[in-house]
Amino acid sequence: MPPFIEIRGLEHAYRLDGGGRIAALRGIDLTIERGEFVAVVGPNGSGKSTLARHFNALLLPTVGAVWVDGLLTADQRNLWAVRQRVGMVFQNPDNQIVASTAEEDVAFGPENAAFPSAEIRRRVDEALETVGLIDYRTHPPQMLSGGQRQLLAIAGVMATRPAGIILDEPASMLDPLNRRQVLATIQLLNRDGLTVVLITQAMDEAATARRVLVMDAGRIVMDGPPAEVFEQGARLRELGLALPPAVEMAHGLRERGLQLPPGLLTVEQLARALC
Amino acid sequence: MLIRVEALSHTYVPGTPLARAALHEVSLEIAPGERVGLVGRTGSGKSTLVQHIAGLLAPTEGRVLLDGIPAHERSAAAHAARRRVGLAFQYPEDQIFEQAVSREVAFGPRNLGLGKDEIEARVRWALEMVGLDTAMEGRSPFTLSGGETRRVALASTLALRPEVLILDEPTAGMDPRGRREMLARVCAWQKETGSTLILVSHDLGELARVVERVIVLDQGRVAADGSARQALSDAAALAAVGLDVPQPVALLRALRESGWDVRTDRLLPEEAVEEIANACSH
Numbered sequence: 001m002p003p004f005i006e007i008r009g010l011e012h013a014y015r016l017d018g019g020g021r022i023a024a025l026r027g028i029d030l031t032i033e034r035g036e037f038v039a040v041v042g043p044n045g046s047g048k049s050t051l052a053r054h055f056n057a058l059l060l061p062t063v064g065a066v067w068v069d070g071l072l073t074a075d076q077r078n079l080w081a082v083r084q085r086v087g088m089v090f091q092n093p094d095n096q097i098v099a100s101t102a103e104e105d106v107a108f109g110p111e112n113a114a115f116p117s118a119e120i121r122r123r124v125d126e127a128l129e130t131v132g133l134i135d136y137r138t139h140p141p142q143m144l145s146g147g148q149r150q151l152l153a154i155a156g157v158m159a160t161r162p163a164g165i166i167l168d169e170p171a172s173m174l175d176p177l178n179r180r181q182v183l184a185t186i187q188l189l190n191r192d193g194l195t196v197v198l199i200t201q202a203m204d205e206a207a208t209a210r211r212v213l214v215m216d217a218g219r220i221v222m223d224g225p226p227a228e229v230f231e232q233g234a235r236l237r238e239l240g241l242a243l244p245p246a247v248e249m250a251h252g253l254r255e256r257g258l259q260l261p262p263g264l265l266t267v268e269q270l271a272r273a274l275c
Numbered sequence: 001m002l003i004r005v006e007a008l009s010h011t012y013v014p015g016t017p018l019a020r021a022a023l024h025e026v027s028l029e030i031a032p033g034e035r036v037g038l039v040g041r042t043g044s045g046k047s048t049l050v051q052h053i054a055g056l057l058a059p060t061e062g063r064v065l066l067d068g069i070p071a072h073e074r075s076a077a078a079h080a081a082r083r084r085v086g087l088a089f090q091y092p093e094d095q096i097f098e099q100a101v102s103r104e105v106a107f108g109p110r111n112l113g114l115g116k117d118e119i120e121a122r123v124r125w126a127l128e129m130v131g132l133d134t135a136m137e138g139r140s141p142f143t144l145s146g147g148e149t150r151r152v153a154l155a156s157t158l159a160l161r162p163e164v165l166i167l168d169e170p171t172a173g174m175d176p177r178g179r180r181e182m183l184a185r186v187c188a189w190q191k192e193t194g195s196t197l198i199l200v201s202h203d204l205g206e207l208a209r210v211v212e213r214v215i216v217l218d219q220g221r222v223a224a225d226g227s228a229r230q231a232l233s234d235a236a237a238l239a240a241v242g243l244d245v246p247q248p249v250a251l252l253r254a255l256r257e258s259g260w261d262v263r264t265d266r267l268l269p270e271e272a273v274e275e276i277a278n279a280c281s282h
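Top to bottom, those sequences are chains H and U.
Counting with the numbering used here, you get residues 1 to 275 for the letters of the first sequence.
Counting with the numbering used here, you get residues 1 to 282 for the letters of the second sequence.
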């Protein structure tokens, strides 16, 4: 079986209005296997969102190639099949909510795929169940909270049964409870086998992934498990990034001479190590 | 500018089945030069309250006074008072419409009737404050990344040099260095000019670095109002309104529960490290 996402020599340049180009990706080689949970971090303008848009053919390579499940994204005939395999959730859920009730909104994708109505019903219920919104099925989306609307956007994507989901800062506008709920849902979907790519500016969110990619100026400059990537505090700071607060405090305590085991990512882990 | 909010209530689409009460009899006062954080869950009324302070909404009940002038009135005095308040919206795309970054940022100063040189100087200054390269000036705001768009929206508000600067989730989508530097520059400017800063944020760890006072809203009411140190370390009160303490406080509380002799009102990571290291050496 081919890898879920395979990228070779990918470059992307945006055309500017007055002529001229801006290079957003400058040579990306990347393989993501089925079932992975990958976080992508990097400073503003480092190319995170551009890269994500290549995962489901919203953008096509200027140079290089992207395969999703063995399908070349640049081949027009693969467009539908690629988008069926990879769903996308954006920062502002209101940009992707289209219907007047929650269940109609979730049904939009399966309806477009022209499934029989019993199948649509089953998929909608299942997706609303998964994100915990089944009791809100007849609510108008604007009566849901920001976090619930983001969960609804995720349900809309899940109803098309993709093999992978790309989330571009899905929680950055949410309050802490909603944020936790969205992140817990992402974890749950990943445990069920969904491939997840989470783009985020929140380092504590990135720490919940199993693999972290760090981007800078259109390139992937670090790639590894969170414990390894966040060990390199000085390098991350140079890139304008921060450490998750727990990792920052663990570093500070080590500098003050405390003996702490490596790989502490959360406040809970740090507290346990200290007690 | 003295801000007085008096028994302010706001109901959206009143008299319809969709009527939703966003604020209930909120009263508070913000003195000139204060740095205030406004926190609460989604739907707690934060954005509604700041829009009232900017005079953009008419109260259902009660009123907002800016130096004694009702903020939403149609009088010349109220118009002049509103011009001294600058609000950067939560969703930057809600406020951006110009074709070039420099024109977008110049829009406010031009509306204030300033001269060409002054406008140019303010545009440059504002772009610098938010950490945007002057090479960006000619770009269309619609070709920028999410974090860059937010900076443009902030720069447009800063260019007004308002006496009351209100930032609604100003750093969402910005990278950590960008946030830190932007907030540090805004803070330095605020201290230098004695203007008032009102910051709406879900990131309590970030607020702890900037504000002295925190107002907690819950379901349209003021649930707490006090010093940042006190309000942001009160785990029970924050939990009751669905918020978490900053992570340094969470760590100190966990240690205290297992018998450590540490204070739990240390809001910043470096303060918590200091507190723990000191407890160890005793």
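Hint data in this document are derived by calculation from the structure and do not stem from the laboratory.
Treat the hints loosely; a few may be bogus.
[As the list claims (entries may be wrong)] Pairwise CB distance ranges, derived in the manner of DEER restraints:
#, chain 1, residue 1, chain 2, residue 2, range
1, U, PRO17, H, GLY9, 40 to 48 Å
2, H, ALA118, U, ARG185, 56 to 64 Å
3, H, THR62, U, GLU192, 41 to 49 Å
4, U, GLU192, H, VAL63, 35 to 43 Å
5, H, GLY9, U, GLY33, 54 to 62 Å
6, U, PHE142, H, GLU11, 16 to 24 Å
7, H, ALA184, U, SER258, 24 to 32 Å
8, H, TYR14, U, GLU93, 51 to 59 Å
9, H, ALA184, U, THR60, 32 to 40 Å
10, H, ARG235, U, ALA277, 19 to 27 Å
11, U, SER258, H, GLY233, 52 to 60 Å
12, H, GLU11, U, ARG84, 32 to 40 Å
13, H, TYR14, U, GLU192, 46 to 54 Å
14, U, GLY138, H, ASP75, 20 to 28 Å
[To be verified] Computed footprint of chain H on chain U, listed as stretches where at least three residues anywhere in the stretch have a Cβ under 8 Å from a Cβ of chain H:
#, stretch
15, 59-68
16, 73-87
17, 186-192
Every residue gets a Cβ at the ideal spot worked out from N, C-alpha and C, and that includes glycine.
Provide an ascending list of the numbers of those earlier hints which the structure does not satisfy.
-> 1, 4, 8, 11, 12, 13, 14, 15, 16 and 17
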